[in-house]
Amino acid sequence: MRQIFGPSANVIARASIIGGLLTVVVIIAVGFAYIRSPYNTGQRVDVEQPVQFSHRNHVGNIGLDCRYCHTAVEKSRFAGIPPVATCMNCHSQLLVNEPILEPIRAAYRTGQSIQWVRVHNLADFAYFDHSAHLAKGVGCTTCHGPVNDMALMRQESTLLMNWCLDCHRAPEKYLRPRDQVFNVNWTPPADQLTLGRQLVQEYQVHSRTDCSTCHR
Amino acid sequence: MIHEQSIRKELIVPPMDRADHVPVIAPGQTFESVNEQIGSVVLRRGFQRGWLLGLAIAFSLLMLFLVAVTWLFIRGVGVWGINIPVGWGFAIINLVWWIGIGHAGTLISAILLLLRQQWRTSINRFAEAMTLFAVACAALFPILHLGRPQFFFWLIPYPNTLDYWPQFRSPLMWDFFAIATYGLVSLLFWFVGLIPDLATLRDRAKSAFSRVTFGILSMGWRGSAVHWKRYQDLYYLLAALATPLVVSVHSIVSFDFAVGIVPGWHSTIFPPYFVAGAIFAGFAMVLLIAIPLRKYYHMENFITDRHLRNMAIVMLTSGLVVAYGYIMELFMAWYSGNEYEGYMTVNRIIGPYGWVFGLMILCNVVIPQLLWFKRIRTNTLWLWGISLAVSFGMWFERFVIVITSLHRDFLPSSWAMYTPTFWDYATFIGTLGLFATLIFLFIRFLPFISIAETRELVHQTGGKVE
Numbered sequence: 049m050r051q052i053f054g055p056s057a058n059v060i061a062r063a064s065i066i067g068g069l070l071t072v073v074v075i076i077a078v079g080f081a082y083i084r085s086p087y088n089t090g091q092r093v094d095v096e097q098p099v100q101f102s103h104r105n106h107v108g109n110i111g112l113d114c115r116y117c118h119t120a121v122e123k124s125r126f127a128g129i130p131p132v133a134t135c136m137n138c139h140s141q142l143l144v145n146e147p148i149l150e151p152i153r154a155a156y157r158t159g160q161s162i163q164w165v166r167v168h169n170l171a172d173f174a175y176f177d178h179s180a181h182l183a184k185g186v187g188c189t190t191c192h193g194p195v196n197d198m199a200l201m202r203q204e205s206t207l208l209m210n211w212c213l214d215c216h217r218a219p220e221k222y223l224r225p226r227d228q229v230f231n232v233n234w235t236p237p238a239d240q241l242t243l244g245r246q247l248v249q250e251y252q253v254h255s256r257t258d259c260s261t262c263h264r
Numbered sequence: 256m257i258h259e260q261s262i263r264k265e266l267i268v269p270p271m272d273r274a275d276h277v278p279v280i281a282p283g284q285t286f287e288s289v290n291e292q293i294g295s296v297v298l299r300r301g302f303q304r305g306w307l308l309g310l311a312i313a314f315s316l317l318m319l320f321l322v323a324v325t326w327l328f329i330r331g332v333g334v335w336g337i338n339i340p341v342g343w344g345f346a347i348i349n350l351v352w353w354i355g356i357g358h359a360g361t362l363i364s365a366i367l368l369l370l371r372q373q374w375r376t377s378i379n380r381f382a383e384a385m386t387l388f389a390v391a392c393a394a395l396f397p398i399l400h401l402g403r404p405q406f407f408f409w410l411i412p413y414p415n416t417l418d419y420w421p422q423f424r425s426p427l428m429w430d431f432f433a434i435a436t437y438g439l440v441s442l443l444f445w446f447v448g449l450i451p452d453l454a455t456l457r458d459r460a461k462s463a464f465s466r467v468t469f470g471i472l473s474m475g476w477r478g479s480a481v482h483w484k485r486y487q488d489l490y491y492l493l494a495a496l497a498t499p500l501v502v503s504v505h506s507i508v509s510f511d512f513a514v515g516i517v518p519g520w521h522s523t524i525f526p527p528y529f530v531a532g533a534i535f536a537g538f539a540m541v542l543l544i545a546i547p548l549r550k551y552y553h554m555e556n557f558i559t560d561r562h563l564r565n566m567a568i569v570m571l572t573s574g575l576v577v578a579y580g581y582i583m584e585l586f587m588a589w590y591s592g593n594e595y596e597g598y599m600t601v602n603r604i605i606g607p608y609g610w611v612f613g614l615m616i617l618c619n620v621v622i623p624q625l626l627w628f629k630r631i632r633t634n635t636l637w638l639w640g641i642s643l644a645v646s647f648g649m650w651f652e653r654f655v656i657v658i659t660s661l662h663r664d665f666l667p668s669s670w671a672m673y674t675p676t677f678w679d680y681a682t683f684i685g686t687l688g689l690f691a692t693l694i695f696l697f698i699r700f701l702p703f704i705s706i707a708e709t710r711e712l713v714h715q716t717g718g719k720v721e
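For the record, the sequence lines run as chains A and B.
According to this note's numbering, the residues represented by the first sequence are 49 to 264, in order.
According to this note's numbering, the residues represented by the second sequence are 256 to 721, in order.
No lab work stands behind these hints, which were simulated from the structure alone.
Certain hints may be false.
What the hints assert, rightly or not - So, partial list: chain B residues that the calculated Cβ filter (under 7 angstroms) puts toward chain A: (1) D418; (2) S465; (3) R466.
What the hints assert, rightly or not - Calculated from the model, a selection of chain A residues having no Cβ within reach of chain B, i.e. all distances over 10 angstroms: (4) A61; (5) G67; (6) V93; (7) F176; (8) A180; (9) L243.
Built from N, CA and C at the ideal position, the CB exists for glycine as well.
Given the sequences, and given the hints that come with them, work out the whole structure.
Here it is as structure tokens:
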């Protein structure tokens, strides 16, 4: 009787074992990589806005303090996006014929809000409080990146839960003195851990990793 | 040497067998007749009308299941009759019932193997298949009864972006591991057992397609001495692993209740009592399948009256343990002096679901006592009827445990009734369809009696039986 399988079946059999294992490994690895990649988290994408507002220009070049526009950031859980009136403080006199600013002027005339596109968008089941973080010495650039150098706003951090917990479990790695939180040029000193531990003591920072901290 | 062999014979054929005068295998068998009779069920061309009809009915019930699940996914678990005091309804009853049924398969294939029981040989294959298919049905319910079933994978401990880890203190978490492990080990055990048979089918198949299919599935089994040595080692090892597994899986399922504080659940007798119940219900299901199977496929020479009788005895034994469990629950309710425990028991017997309790006692305690009589044990019709009653009875038992404990517990302001809806019934009957579909496909495409082990039995008994 003729053999059912030729000698090539040996190769196929071995390859299928290795291939099967590899497939599983690759599927898992791709899944792990994807979920952490910017494709999933939406990081490093320059988001188009109705008005091409440049933080690089307003913060980097002109040197505005963050709080000039994001006024509520020290008092409220919500940092706030400035109203058109804040823009018009300057742009009623400055660059009044610039076509790029026409949506601002139109909004001011009609009273319609500008439909800014939100870049840092947490799910609504996560409660985040800006004022609490600033009061405990977390600087703007620690989470939002070098905003002073962003022509268009982009999401710098993953905003994944493990990113939050990384800091909540070891805040000393990231804290800075309170008077430096709005300093966009602040860089961590060589002995950040020493400074951080000292600040944790001084500001009474508690790690707060239970569910009710954020998922209220 | 001759002396040694005679001792071995004594071990192989226990005295009880000879007293019974019914052989585990009909006399006059040869290796070839075994190959031919069991193999022809798989290798014959075309489909029999009875099989097609059975598959059609089973498949339409499976379609009902898919409709029920689709509706469940669209509308949510609220389509079932569950409410706030009774959060666990048919889904959990069915889970425990199905997983319990699976346990007899492992008992037959693993525990009886370790005990060197020859009468397991003809029934182990389809009992193992029954285990697998029952576990497949059971494993659906813990996922379907989740409010958000798409997140069931959060039960898996894997490094994720949430830095989240499942709660290892919950028996529902253990359930996930128990059922997953049980399913995997059962599949492996069943497949290892199939390999020599698949090789037999490969060698006997006429069509090229069957030869290649069985050739791939048998993975180059040549039946060499080294193969058989390793095969036996692995088979016994798996049996030794499956035995504590089967006991722990249903114990873990019982912890779902016993770990809770609800009166009627928080009972330390649950783990052994659930396992006994699982064996009881499982053997009933094996008999429900075995009796028609051997009649339809004329397998009376392999599945002899001895098998049915022995299974009936195991069923009676485990049934008595279950009956003991009922008595102990009643006794402890009185002995505890706890008013909630006491009321729970009174409510079970004469409360609004008292009729279920009554049916449970009738099916699980009263009717199985008929198995004491040899004439009934050897009558297939009676045995089939009793098995059916036990299958129903064990379903009622889970109903009593789940529903009557929940619907009236500590706070009278949280008392309610549970009325199953059409979708509860559709899901349950649908899993019966899934189970039956898989069984029908299995008996057509794989040998439902182990060919290799039956050949071994023929060899041991020399074709004739004392």
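Determine which of the earlier numbered hints do not hold for this structure and return their numbers in increasing order.
The structure breaks hints 2, 4; every other hint is satisfied.
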